[in-house]
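The residues making up each chain are set out below.
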Amino acid sequence: MSTFVLLTVTGVGLGALYFLIASGLSLIYGLMGVLNFAHGAFLTVGAYAMWFTESKLGGVAVLPRFLLGSLAGLVVGAVFAALVEYVLIRPLYRRHIEQVLVTVGLALATTALVVSIWGNDARPVPAPAWLGETTTVLGAHIPNDRWLLIATALVVLFGLNAFLRRTRYGLVIRAGVENRAMVTALGIDVRRAFTLVFAIGGVAAALAGVLSNVYFSTVDPSRGTSLLIFAFIVVVIGGLGSLRGTAAAALVVGLVQQYANYYASSGLGDLSVVLLLGLVLLVRPRGLSASFA
Amino acid sequence: MRNVAIPVVLFVALAFVPKVALDLPVLFDGAINSPGTLQLLALCLVFGGLAMSYDLLFGYTGLLSFGHALYFAIGVYLVAIAITEWHVGFYSAIALTAVIGLVVALVLGAVSLRVGGIAFAMVTLAFAQAGAILVQKNPHGWTGGEEGLGVDYTKLPAGLVGIFNTKNLYWIALVYVACVFAIVRWAVNSSPGHVWQAIRENELRVEVLGLRPYSFKLISFVLASFLATAGGVVYVLLLGGATPEVTSANFTLTLLVMVVIGGTGTRWGALLGGVLYTWANQRLGDASSSHVVSSLPSVLRTPLQQPMFVLGVLFILVVFFVPGGLARIGRVRGPRSMQRLQEAVQR
Chain X
506 MSTFVLLTVT GVGLGALYFL IASGLSLIYG LMGVLNFAHG AFLTVGAYAM
556 WFTESKLGGV AVLPRFLLGS LAGLVVGAVF AALVEYVLIR PLYRRHIEQV
606 LVTVGLALAT TALVVSIWGN DARPVPAPAW LGETTTVLGA HIPNDRWLLI
656 ATALVVLFGL NAFLRRTRYG LVIRAGVENR AMVTALGIDV RRAFTLVFAI
706 GGVAAALAGV LSNVYFSTVD PSRGTSLLIF AFIVVVIGGL GSLRGTAAAA
756 LVVGLVQQYA NYYASSGLGD LSVVLLLGLV LLVRPRGLSA SFA
Chain H
4 MRNVAIPVVL FVALAFVPKV ALDLPVLFDG AINSPGTLQL LALCLVFGGL
54 AMSYDLLFGY TGLLSFGHAL YFAIGVYLVA IAITEWHVGF YSAIALTAVI
104 GLVVALVLGA VSLRVGGIAF AMVTLAFAQA GAILVQKNPH GWTGGEEGLG
154 VDYTKLPAGL VGIFNTKNLY WIALVYVACV FAIVRWAVNS SPGHVWQAIR
204 ENELRVEVLG LRPYSFKLIS FVLASFLATA GGVVYVLLLG GATPEVTSAN
254 FTLTLLVMVV IGGTGTRWGA LLGGVLYTWA NQRLGDASSS HVVSSLPSVL
304 RTPLQQPMFV LGVLFILVVF FVPGGLARIG RVRGPRSMQR LQEAVQR
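Protein sequences appear in the order of chains X and H.
When you read off a place in the first sequence, starting at 1, and then add 505, the result is the number in our numbering.
When you read off a place in the second sequence, starting at 1, and then add 3, the result is the number in our numbering.
What the hints contain is simulated information worked out from the structure, not anything from laboratory work.
Note that the structure is predicted; figures quoted are calculated from it, not measured.
All C-beta atoms in this analysis are idealised placements derived from N, C-alpha and C, irrespective of residue type, glycine included.
Take the hints with a grain of salt, since some may be wrong.
[As the list claims (entries may be wrong)] Footprint (simulated), chain H over chain X, 3 or more residues, beta carbon under 8 Å:
1. 506-514
2. 682-690
3. 731-740
[What the hints assert, rightly or not] A partial selection of chain H residues facing chain X, derived with a Cβ cut-off under 8 Å:
4. LYS22
5. LEU25
6. ARG117
7. ALA122
8. ALA133
9. HIS143
10. GLY144
11. GLY148
12. VAL178
13. THR246
14. LEU256
15. SER298
16. LEU299
17. VAL302
18. MET311
[Claimed, not checked] Interface residues of chain X toward chain H, partial, derived using beta-carbon atoms under 8 Å:
19. LEU540
20. LEU636
21. THR639
22. LEU643
23. GLY644
24. ALA645
25. ILE647
26. ASP775
27. VAL779
28. LEU786
29. VAL788
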């Protein structure tokens with residue numbers, strides 16, 4: 506029982522991480538039709554910015570150091586993502602394949618740049634001691650960082666939802682997802698929303714980077730790419746452009762991965778997620794492809 | 004057959020390369036017929052062929068796959084595993100690889116082609132990732148995990164072993180790339196080939212004409228994957244072992260980089276892209292330790308020591324400023340094939 510509880514909470518925590526990455530991907534695709542391969546690079550950049558800031562603040566106490574590092578990660582992630590949109594994506598307006606290709610090139614180049622500066626090895630990231638301790642729930646000793654993951658993802662989910670439903674910018678974004686030409690025809694500069702959506706995606710990805718630093722207690726250059734692939738799977742299962750679908754799919758993928766890894770055999774979790782994707786496609790190919798139209 | 008003379012002359016000329024003792028100091032480290040240079044040239048040829056097989060999917064059929072690495076890796080790993088771990092004979096190992104490669108391509112192609120456009124790209128990526136995970140997990144110690152797996156050279160034919168026989172491997176790579184060139188040329192000019200290009204242009208219209216795009220796309224997928232598997236076999240013979248890099252998602256992305264730099268939907272472009280990319284990747288790595296680079300300030304030096312950074316930036320520049328790829332410079336104004344592809348994916 507206690508193992509099951511631990512697996513469930515960890516699975517939900519992992520799902521929270523996937524959701525943070527996938528939500529940005531899904532929004533960007535929904536609004537702009539860009540499949541953003543550089544999303545993993547946003548994560549990497551955010552994660553390294555946090556680690557770098559923390560390593561520069563050697564004398565500061567752990568908690569402020571951690572918070573400042575996280576803040577730096579988020580800011581750098583947002584600025585980087587907005588810059589990418591402004592400099593690289595915008596000139597290729599309406600040329601989707603080229604936009605995808607540019608993000609592919611950017612993903613490769615950014616990872617290589619990070620490797621060239623800080624090397625391939627994982628580096629330890631200090632975090633407050635509380636995050637390394639465990640809380641006992643129903644007899645299971647659950648590491649506290651899981652709660653942080655889940656809480657952050659919930660805040661992002663509700664925050665994004667509120668932003669999309671209640672604010673004027675959210676309205677423009679939702680309208681843009683549905684019919685971009687019409688929004689432009691009404692005299693609204695939808696391109697500003699593009700930059701905004703990229704920045705939001707960048708913050709969410711950087712947040713995932715910061716939290717993955719906590720979860721793995723290290724930072725390394727290849728994590729962005731490997732998490733991005735699972736985020737892609739989540740996005741396909743959940744349906745692009747839908748926040749709730751993404752959240753549900755992230756939850757399912759995280760849980761399936763944890764359960765299969767424990768109850769079947771270690772390593773089967775990743776494979777079973779891919780299998781799940783195959784199954785979803787077999788059962789509902791029309792339903793899924795319809796949401797891509 | 005028109006224009007058949009140029010490729011024939013080129014491939015025949017390339018066959019004499021191991022006899023040339025010329026030294027090209029900047030382009031290659033040693034003389035052209037030295038084993039090191041021959042191996043690099045053979046590697047370039049293998050990737051040229053692989054890039055052409057990818058272009059069959061991406062450039063001719065309009066299918067943006069991110070899982071092409073999987074089929075290459077099947078060739079690389081199955082031959083190595085069959086020979087070293089299962090103690091199968093050399094030729095049976097190749098036959099076995101061919102059969103399994105075909106079956107896997109058929110099954111996974113049948114599933115992933117149920118969706119189109121960007122979803123197809125993601126699904127192929129996921130399947131390829133499953134392959135990468137399988138190799139990492141090292142079931143029964145077969146794949147060697149992160150360290151990779153060397154081929155047991157005592158089981159190979161004597162002509163393929165040893166540094167003095169690099170020229171034989173070079174010729175095998177040349178035969179491979181010539182075969183891929185001929186097959187791709189024949190396939191895109193056949194009647195299914197015309198349908199592929201029609202699908203790339205306008206899939207709905209193909210459907211309205213009473214053809215099933217699905218089966219034609221599957222043929223293209225299986226053919227391209229099979230050619231990639233064959234390339235994997237040549238690759239593992241050339242390098243004498245399998246490493247997990249060939250299974251990674253980045254590997255497919257580099258194929259995409261090759262094809263786009265060279266020019267999509269043109270056999271020569273893909274071939275050129277594959278050859279140039281491989282050569283540049285190798286030489287940039289060597290150049291980074293040269294005097295010119297190491298005398299630069301560290302701000303410039305550090306990124307230049309990563310070939311992937313240079314190539315990634317170059318790739319972005321090509322997408323921005325040379326939209327048709329190198330093969331189209333001075334030929335067509337404007338990125339026509341790109342626009343067609345874009346329409347194919349948008350649907």
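Outcome of the hint check:
{"no.": "1", "hint": "506-514", "verdict": "violated (count 0)"}
{"no.": "2", "hint": "682-690", "verdict": "violated (count 0)"}
{"no.": "3", "hint": "731-740", "verdict": "holds (count 4)"}
{"no.": "4", "hint": "LYS22", "verdict": "violated (38 Å)"}
{"no.": "5", "hint": "LEU25", "verdict": "violated (33 Å)"}
{"no.": "6", "hint": "ARG117", "verdict": "holds (4 Å)"}
{"no.": "7", "hint": "ALA122", "verdict": "holds (5 Å)"}
{"no.": "8", "hint": "ALA133", "verdict": "holds (4 Å)"}
{"no.": "9", "hint": "HIS143", "verdict": "violated (13 Å)"}
{"no.": "10", "hint": "GLY144", "verdict": "violated (14 Å)"}
{"no.": "11", "hint": "GLY148", "verdict": "violated (11 Å)"}
{"no.": "12", "hint": "VAL178", "verdict": "violated (31 Å)"}
{"no.": "13", "hint": "THR246", "verdict": "violated (15 Å)"}
{"no.": "14", "hint": "LEU256", "verdict": "holds (5 Å)"}
{"no.": "15", "hint": "SER298", "verdict": "violated (17 Å)"}
{"no.": "16", "hint": "LEU299", "verdict": "violated (13 Å)"}
{"no.": "17", "hint": "VAL302", "verdict": "violated (10 Å)"}
{"no.": "18", "hint": "MET311", "verdict": "holds (4 Å)"}
{"no.": "19", "hint": "LEU540", "verdict": "holds (5 Å)"}
{"no.": "20", "hint": "LEU636", "verdict": "violated (28 Å)"}
{"no.": "21", "hint": "THR639", "verdict": "violated (28 Å)"}
{"no.": "22", "hint": "LEU643", "verdict": "violated (31 Å)"}
{"no.": "23", "hint": "GLY644", "verdict": "violated (31 Å)"}
{"no.": "24", "hint": "ALA645", "verdict": "violated (27 Å)"}
{"no.": "25", "hint": "ILE647", "verdict": "violated (26 Å)"}
{"no.": "26", "hint": "ASP775", "verdict": "holds (5 Å)"}
{"no.": "27", "hint": "VAL779", "verdict": "holds (4 Å)"}
{"no.": "28", "hint": "LEU786", "verdict": "holds (5 Å)"}
{"no.": "29", "hint": "VAL788", "verdict": "violated (10 Å)"}
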